[in-house]
Amino acid sequence: MSAALTAKELHRANQEREAASKTLFGFWVYIMTDCVLFASLFATFTVLRNSTNGGPSGADLFSLPFVLAETVALLTSSYTAGLGLLAARRRDKNQVFFWFGITMLLGIFFLTMEISEFHKLVLEGNSWRRSGFLSAFFTLVGTHGLHITTGLVWMTVMLYKIYNKGVTAVNLKRLTMLSLFWHFLDIIWIFIFTIVYLIGVKA
Amino acid sequence: MSARPVISHHEESHGSFKSYTAGFVLSITLTLLAYAFASHQVARGWGLIYLLAVLAVIQLFIQLVFFLHLGRESKPRWNLTVFSFALMVVVIVVFGTLWIMKNLSYDHHTLSPQQASQYLVKDEGY
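For the record, the sequence lines run as chains A and B.
Residue numbers for the first sequence follow our numbering, so the first one is 1168 and each next one is one higher.
Residue numbers for the second sequence follow our numbering, so the first one is 133 and each next one is one higher.
A portion of the hints provided could be inaccurate.
Below, a list of computed lysine to aspartate or glutamate pairs in the DMTMM-like style, where the Cα atoms sit at most 25 Å apart [to be verified]:
no., chain 1, residue 1, chain 2, residue 2
1, A, K1189, B, E205
2, A, K1340, A, E1176
3, B, K207, A, E1185
4, A, K1287, A, E1237
5, A, K1328, A, E1183
6, A, K1340, B, E205
7, A, K1260, A, E1183
8, B, K207, A, E1183
9, A, K1332, A, E1183
10, A, K1287, A, D1227
11, A, K1175, A, E1185
12, B, K150, A, D1259
Simulated from the structure, these hints should not be mistaken for laboratory data.
Model the full structure from these sequences, guided by the hints.
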């Protein structure tokens, strides 16, 4: 803040900041309710994880190295989204494009792997119709995948807005919410990785 | 009503390059550790489940602090309050479901139909 700002301008800046922090809080509340949604899907999955109806179990279906690659890609994208947000705070437009570009590529890589896994399962006759276990699996992992898709669409829109108008206060606020959302999806994935894949295959 | 304190408050809840990097390195380490423990099956059955669950929960808190900056906001900490409530609901939903469903599970694979109906009469009063 330079000394050239008048009292009126300072007051307005403060008001905008306060409004932005309320918006961020509202978004945080949404994320917490989304957490509860995922909790119910995790509970459903855990209850149904042995209900294979004579069909294949997790140990028969999943490849752990494949899932590890997905996990590392998503985790790295969470990190690059954080670096992108730091660049946005510095109002460094090029760096924002660089880091969020990498985040998007990693997100697309993750989603492609997930879709190819789903595709393979369905082709082999192991779709959500096969057993309770597979219904719960597709619902839980698919809901996460839909969130990732939403995040990628949102990221595309944000980069377009920043390309047009630069890193304005409003765009910075939206970018902060987007990176909260993206970090949240990474946290959900830690539990999918652990419960569905590691425990599902090895324990 | 000076602008200074508000601005410095605002800066506090931000991450830095250092904190994001620390969070990333710790998360990758925990992920690889969990993967190694599972693929070498350092423990079996419930032992492995507990071990992996502990690693996942540690990673949850690392990411909450380093990526989501939880608890680093200025007071009153509404984000933390809402998080605590959500955590409580999550625990009740997940463990409540598992508890109830475990009690309702008559395990058709191990019980004969007669045993299952005996069990029903004994436990549920049908």
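Hint check results:
1. With a C-alpha separation of about 13 Å, the suggested pairing of A/K1189 with B/E205 holds against the 25 Å cut-off.
2. Using a Cα cut-off of 25 Å, the hinted pair A/K1340 and A/E1176 holds, with the two alpha carbons roughly 19 Å apart.
3. Taking the CA atoms of B/K207 and A/E1185, the gap is about 14 Å. The hint holds against a cut of 25 Å.
4. Between A/K1287 and A/E1237 the alpha-carbon distance is near 16 Å, which keeps this suggested pair within the 25 Å criterion.
5. With a CA separation close to 19 Å, the supplied pair A/K1328 and A/E1183 stays within the 25 Å bound.
6. With a CA separation close to 16 Å, the supplied pair A/K1340 and B/E205 stays within the 25 Å bound.
7. Using a Cα cut-off of 25 Å, the hinted pair A/K1260 and A/E1183 holds, with the two alpha carbons roughly 22 Å apart.
8. With a C-alpha separation of about 19 Å, the suggested pairing of B/K207 with A/E1183 holds against the 25 Å cut-off.
9. Restraint check: the Cα-Cα separation between A/K1332 and A/E1183 comes to about 18 Å, which is no more than 25 Å; the hinted pair holds.
10. The hinted pair formed by A/K1287 and A/D1227 meets the criterion: a straight-line CA distance of about 13 Å does not exceed 25 Å.
11. Note on A/K1175 and A/E1185: the hinted pairing holds, with a Cα-Cα distance of about 15 Å set against a maximum of 25 Å.
12. For the given pair, B/K150 sits about 18 Å from A/D1259 by alpha-carbon distance, which is consistent with the 25 Å threshold.
Checked against the numbered hints above, the structure violates none of them.
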